[in-house]
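Undergrad: The primary structure of each chain is shown beneath.
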Amino acid sequence: MENQNKITFSRRSFIRTSALASGGILIGFNFFTSCKEAAVPPVDVSQLNFNDFNAFIKIADNGYVTIFSPNPEIGQGVKTSMPMIIAEELDVPWEHVSVEQGALDTNNFTRQVAGGSQSIRFGWDALRQTGATAKQMLVNAAAAKWGIEASSCSASNGVITSPTGETLGYGDVVNDAAQLEVPENVTLKATKDYKIIGKDAVNVDIDKIITGKPLFGLDYKAEGMTYVSVMRPPAFGQKISSFDDTNAKAINGVSDVVQFGDKIAVLASNTWAAMKGKKALDVQWTNDGTLESTADHDKKLNAILDGNQLDIRREDGNVKKAFAEADQVLERTYESPFLPHNCMEPMNFYANVTADKVHLVGPIQTPAGTARRIANLIDRDEKDIHLEMTRMGGGFGRRLYGDFALEAAEISNITKQAVKVVFSREDDMAAGIYRPAIKYRIAASLKDGKVTGYHLKEAAINNNMYGLIPHFFPAGAIDNYKVETGNYRSNITTGAWRAPYTNFLAYAEQSFFDELAELLEVDAVQLRLDLLKNVKDGQDPDIQYSAKRMTDTIKLAAEKSNWGKTREGVYQGFAAYYSHNTHVAEVVDITLKNGYPSVEKVTVAVDCGIVVNPTGAKNQVEGGVIDGIGHAMYGDFSFDKGKPQDVNFNTYRLIRMRETPTVHTYFVENDLSPTGLGEPGLPPAGGALANAIKAATGQLLLKQPFMSVLKKYETNLKV
Amino acid sequence: MASYNLKVNGKSVNVNVDDDTPLLWVLRDELNLVGTKFGCGIAQCGACTVHLDGVAVRSCSLPVSSLEGSNITTIEGLAKDELHPVQEAWKELDVPQCGYCQAGQMMTASSFLKDNPNPSSEDIRNAMNGNLCRCASYNRIEKAVALAAKKMS
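Just so you know, the sequences run in chain order A and B.
Numbering of the first sequence is given in the numbering used here, commencing with residue 110 and proceeding in unit increments.
Numbering of the second sequence is given in the numbering used here, commencing with residue 15 and proceeding in unit increments.
The hints are simulated quantities; they were obtained by calculation from the structure and are not laboratory data.
Honestly, I wouldn't trust all of these hints.
With a Cα cut of at most 30 Å, we get these calculated BS3-like pairs of lysine-lysine [unchecked claim]:
no., chain 1, residue 1, chain 2, residue 2
1, A, K710, B, K105
2, B, K157, A, K710
3, A, K710, A, K556
4, A, K304, B, K157
5, B, K105, A, K330
Can you build the whole structure from these sequences, using the hints too?
TA: Listed below in structure tokens is the structure:
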């Protein structure tokens, strides 16, 4: 994922138009690459080619606008917010805009992925330019009709007005506009003139969601489709030795049992029969590698932290000297477990592999890469692959990985049937691509009341922090600074989980700063503000957080939360974090009920630049914060001899409504380009919560989930 | 395989399925009512909540053989001529994120409000505690239940 990296944005001739056979204009555009020389939008909207254009806008001859966007929707709201940006510059009433999810065939589409909170950030310029260009073409067409200068006309709410007060609707001139050249230079609106951006727009799929219409991958059906349940090795490091499918095949509705690799597919006429058939399989498993346990991982990760085989990721000044000369040193080790994603919609995918094409339908965050992998897997030309994306019942990173789509394609390829692979919850949790267990050891040197050195070590499973994360705060704020990483290769599959690495790093670091503030006898918020004064914005190209923006964000959170001035019995914890290009500060308020911490309120300040859709933006922040608190409190996932110890919600605990605080979100107001919100609300939440619990109980929390430590308080609660 | 007569959203239907088939899969696979969602299969998450004779139940854990003659309402049947106040409230407050669990949330809420037309905040939090929302839209769910109660009074 490139989201923590620098981005260069190039743009030239990224818009092309065609006159639709049915009337109206079709505009094809690309987000941040230019169009191919020969690319022309089709004259029929059923022929949209997302290889040539990232998205299309149709303006019909009644002036109504349809946006065809293939950008995946996983609940982060881009299906609503991205069209809002186009509609704003095109200047049409939001009610005249509808959005359709486009199917996808792709070799070249580089940014058709939902991940890293980057959709809005990438799309901002291109979406505005596209809307403004389309509007200019309509104005030019109207001006030509009137025989006057286009510059003397204005357009608003889908209506073009001449200097003498004559008017033409967009629909009246759209067919003429379709014949015109695409103008090169167009003027974008000033933020003060926005009518759609910055106003609440309800999720465009709301009516379908509240009435239970088919929307999600699991809801997709095709004529003659067979349901498939897949048996996978129960432990990482195992493979099939032998199996007997007699009992499975005896189940009503089960039509076939097929081994593929180290998995067995049970095909049936309905989901229940497929699941029952799978349970009825008698499989002997044999070891094919090490069977790892959480206790082994603990030892391996500790050995990495204790050893000297780490890679230096950033080093400023002389950390060794700073520690040697310190008055005092604080060192802490923070631990976190593996975490499954647990999307509410279990993994699933439809595949129909036939001689002339490969039809795939389902919820996937990375359609292009998945299509490519499937082409390789079943030895087909990429142009045969037709992949349609559905709405996703959550992603959180899990649907970046197309393993379930590959399974469906492989089974369909073997059986020559149209199949729908459906994971049970147990399959979903046990065949995960988990957030890896990670440990951080952080040390700071203090001298004369100042933090003089900072040394962070990361020991993680399979991979390490990526991109610019080593250059996040407090890089730039402390003269002697070092980040080192090391990893242990495991056969347990791991991957991105909402706010990768920072989801846990932020907690470790922000808990650590809380302790530093205590040692230095300064207010926790003031310590952050003091450190930020050392940072010179724009001096180090690797340091992308802004001290100014972070300072403003922190001050807003402190003000809105009444930091330090709460009523008796309320304990506060603070954390601030920059991730995914967005600055966030949070204050958690807790009370004690029979000595047990009850999370009451979280005050959040966010600087994500211009807020495109406030209701959607707040929804993301509220969800991210509660998700962060829930997983910090309860998320616990371990392995014993390669086998996950929890496979369903009866033992795996997710936060529920009774444990949920009220989240109050405030946005820093500015005119800066918008950045994403799917992830940034989450990282600070665990740290702010740990700091609040420490303030209330004195209990230091060095390990997630906090429940592993807080159980003793919960016992009090039950009496 | 056996034949079962059910009444779903006011209509009589007949299905031919194994007697242990959970109502959830009868609705989704046989009757094409896919608004009721599969989440866990063990009555822990609430995504599959429907009304059985007006009471919220977990359809993933109800075998069809126990339902002969029962009245079942799914999310598709919650709105009569117009949206149910719960659906209106969900829309007004823009509750869903991914939206997957929301049918179950609304079925729990509508059943709860029928018996508790004037709930306190604590009542709402207790009533909705059995429904997981992985996107954690809990704040808005809580507000929407309160708003729906107001609309119904």
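Undergrad: With reference to the structure, classify each hint as holding or not holding.
TA: A quick look at each hint next to the structure:
| no. | hint | verdict |
| --- | --- | --- |
| 1 | A:K710 / B:K105 | 25 Å, holds |
| 2 | B:K157 / A:K710 | 15 Å, holds |
| 3 | A:K710 / A:K556 | 36 Å, violated |
| 4 | A:K304 / B:K157 | 27 Å, holds |
| 5 | B:K105 / A:K330 | 27 Å, holds |
The structure shown violates just one earlier hint, number 3.
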